[in-house]
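Just so we're aligned, residue 803 is where the sequence shown starts under our numbering, counting upward by one.
The set of hints was computed from the structure by calculation and includes no laboratory data. Among the clues, some could well be false.
[What the hints assert, rightly or not] Derived lysine to any residue pairs resembling SDA-like cross-links, with alpha carbons at most 25 Å apart: (1) K844 to L867; (2) K844 to R810; (3) K844 to R862; (4) K844 to Y821; (5) K844 to R819; (6) K844 to A827; (7) K844 to S863; (8) K844 to D818; (9) K844 to L873; (10) K844 to E807; (11) K844 to S878; (12) K844 to A868; (13) K844 to L856; (14) K844 to Y859; (15) K844 to V874; (16) K844 to P872; (17) K844 to V830; (18) K844 to H832; (19) K844 to Q822; (20) K844 to V875; (21) K844 to Y855; (22) K844 to Q876; (23) K844 to L820; (24) K844 to F866; (25) K844 to S880; (26) K844 to R858; (27) K844 to R824; (28) K844 to N833; (29) K844 to D817; (30) K844 to P869; (31) K844 to V864; (32) K844 to T834; (33) K844 to T828.
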Amino acid sequence: MAAVEHPRIRPGALDDRLYQERIVATAVAHNTLVVLPTGLGKTAIALRVIAEYLLRYPTRSVLFLAPTRPLVVQHSRSV
Numbered sequence: 803m804a805a806v807e808h809p810r811i812r813p814g815a816l817d818d819r820l821y822q823e824r825i826v827a828t829a830v831a832h833n834t835l836v837v838l839p840t841g842l843g844k845t846a847i848a849l850r851v852i853a854e855y856l857l858r859y860p861t862r863s864v865l866f867l868a869p870t871r872p873l874v875v876q877h878s879r880s881v
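When you get a sec, could you build the whole thing from the sequences and use the hints?
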């Protein structure tokens with residue numbers, strides 16, 4: 803499987819999955835709520851959207867929140 807290629811994402815950090823790519827394209831263009839079962843890459847989608855946002859608006863910031871400590875740990879390890 804190929805890796806996501808983006809200037810703001812470390813090479814090899816994320817696998818490129820077509821359904822995630824399509825969701826990311828929609829989320830970058832419109833306000834979006836992504837509802838997927840566990841394990842289908844909501845964190846990867848969020849990271850890709852954030853990377854694109856920061857590429858387009860390099861002087862802005864993004865705050866990435868999570869409701870539980872284990873999820874915060876998961877997010878920090880996935881970057």
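Now the hints, each set against the structure:
| no. | hint | verdict |
| --- | --- | --- |
| 1 | K844 to L867 | holds (13 Å) |
| 2 | K844 to R810 | holds (18 Å) |
| 3 | K844 to R862 | holds (22 Å) |
| 4 | K844 to Y821 | holds (11 Å) |
| 5 | K844 to R819 | holds (12 Å) |
| 6 | K844 to A827 | holds (14 Å) |
| 7 | K844 to S863 | holds (20 Å) |
| 8 | K844 to D818 | holds (13 Å) |
| 9 | K844 to L873 | holds (12 Å) |
| 10 | K844 to E807 | holds (18 Å) |
| 11 | K844 to S878 | holds (14 Å) |
| 12 | K844 to A868 | holds (12 Å) |
| 13 | K844 to L856 | holds (18 Å) |
| 14 | K844 to Y859 | holds (22 Å) |
| 15 | K844 to V874 | holds (13 Å) |
| 16 | K844 to P872 | holds (15 Å) |
| 17 | K844 to V830 | holds (14 Å) |
| 18 | K844 to H832 | holds (17 Å) |
| 19 | K844 to Q822 | holds (8 Å) |
| 20 | K844 to V875 | holds (15 Å) |
| 21 | K844 to Y855 | holds (16 Å) |
| 22 | K844 to Q876 | holds (12 Å) |
| 23 | K844 to L820 | holds (13 Å) |
| 24 | K844 to F866 | holds (13 Å) |
| 25 | K844 to S880 | holds (12 Å) |
| 26 | K844 to R858 | holds (21 Å) |
| 27 | K844 to R824 | holds (13 Å) |
| 28 | K844 to N833 | holds (15 Å) |
| 29 | K844 to D817 | holds (13 Å) |
| 30 | K844 to P869 | holds (14 Å) |
| 31 | K844 to V864 | holds (17 Å) |
| 32 | K844 to T834 | holds (12 Å) |
| 33 | K844 to T828 | holds (14 Å) |
Going through the hint list in order, the structure satisfies each hint without exception.
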